[in-house]
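When you get a sec, could you build the whole thing from the sequences and use the hints?
Going letter by letter, the sequence shown gives residues 2 to 314 in my numbering.
Keep in mind that the hints were calculated from the coordinates and are not lab data.
There could be a bad hint or two in this list.
Cβ pair distances, simulated, as ranges [as the list claims (entries may be wrong)]:
1. 122 <-> 224: 23 to 29 Å
2. 297 <-> 106: 38 to 44 Å
3. 157 <-> 248: 19 to 25 Å
4. 299 <-> 269: 43 to 49 Å
5. 280 <-> 34: 33 to 39 Å
6. 185 <-> 240: 30 to 36 Å
7. 113 <-> 280: 41 to 47 Å
8. 164 <-> 68: 30 to 36 Å
From a predicted model like this one, the values you see are computed outputs, not experimental measurements.
The C-beta atom is built at its ideal place from N, Cα and C for all residues, glycine as well.
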Amino acid sequence: MQPNGSIAITCAAGGGNNGGGGAVEVATFVLAGPTTVALPSSPTFTVTRQNGPAGQTVGFGYTVTGAGCQWVSQGPFFLAKDESKQLAVSPTALGTCLITLVVQDGHATTPASKQMTVTVSNTTIPPPDPCIANPSLPGCGGTNTDWSQPVPVVSGCPTAATTARLRQLNWGDVLRTSIQPGQEYLFSGMNSGEVMAIRIPGSQLGRMSVSLTQGQGTATPPSVKTELSISRCPGVIETNLPPQCYQSTFTTNFYSITAYNRTDSRGNDQSAYDGCLAATGETFYANIRWTFASCPFGSRACGFSLQWGEGAF
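This is the structure:
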């Protein structure tokens, strides 16, 4: 990730050939999705890797720019042959969006321009229902929402604050600050200092690791500190965990934390892994806390986008 928000993918020489010193086997990343969408809607955009060196992953990243969509810059992601990745493309206003792919050197894309223009038309998305953030408001009826689910009590864990909440994030979904009617469960906004807990899912490909990716949204507050932790204790940010299991950053455009569900030849040596080793047979959680001076959009309206992705192993 470059300081200007762009993605650069650099790989060491070697690999990716036909095993006999011949031509490099080229992988093609196919970008698919509608070129015209209406608001409100949740269009699906995917990148699928075709061809290329068997048994090896090849990297790509992408950006989403333009007035019609939530700004995104994510990657690199590494796909095996015939593997797909769903992109976080969220139409938010009338206008156009430009999806741009960045692929590992020597490999190709479809379309060859590496770009797709998406036109966003029709009505605009209404602002989030204030009852999501505060069910006790007059007229809300005190209805429980996904935000109002308390975290479970786990033996031996610190007591979570009463404001801590358990959120559901299914594989393929994106928690975000810009939502559509009927999708309130995807709203990610929090007040400063509150903690969100999300159960860590298993890899869809049977890999050892998954990553929780955080991206800048339309209501990301300025000068925000992000804290991410992985542990068996939901709703609590434990700052005394190993650096792979507790991380803090002021980065606003892209960040991720990785969890491993089992060991390999590295054994139980936490320092040998590039993520948090969560392999005790218990349920583990990703905990997120955003700290900022103020939110210009209202109570529990500021936040980032969050989604699950495959780990490297």
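Supplied distance hint 30 to 36 Å, evaluated on CB atoms of residue 164 and residue 68: 35 Å Cβ-Cβ, so the 30 to 36 Å window holds.
Given a hint of 33 to 39 Å, does the C-beta separation of residue 280 and residue 34 actually sit inside it? holds, 36 Å
Between residue 299 and residue 269, does the C-beta distance stay in 43 to 49 Å? holds, 46 Å
Residue 113 and residue 280, beta-carbon distance inside 41 to 47 Å? With a Cβ separation near 43 Å, residue 113 and residue 280 satisfy 41 to 47 Å, so the hint holds.
The hint says 23 to 29 Å between residue 122 and residue 224; measuring C-beta to C-beta, is that right? This hint is violated: roughly 35 Å between Cβ atoms.
Regarding residue 297 and residue 106, is the given constraint of 38 to 44 Å on their beta-carbon distance met? For residue 297 and residue 106 the Cβ distance comes to about 41 Å; the hint holds.
Can you let me know if the beta-carbon spacing of residue 185 and residue 240 is within 30 to 36 Å? holds, 31 Å
Beta-carbon spacing of residue 157 to residue 248 - inside the hinted bounds 19 to 25 Å or not: holds, 23 Å
Hint violations for this structure: number 1 only, all remaining hints satisfied.
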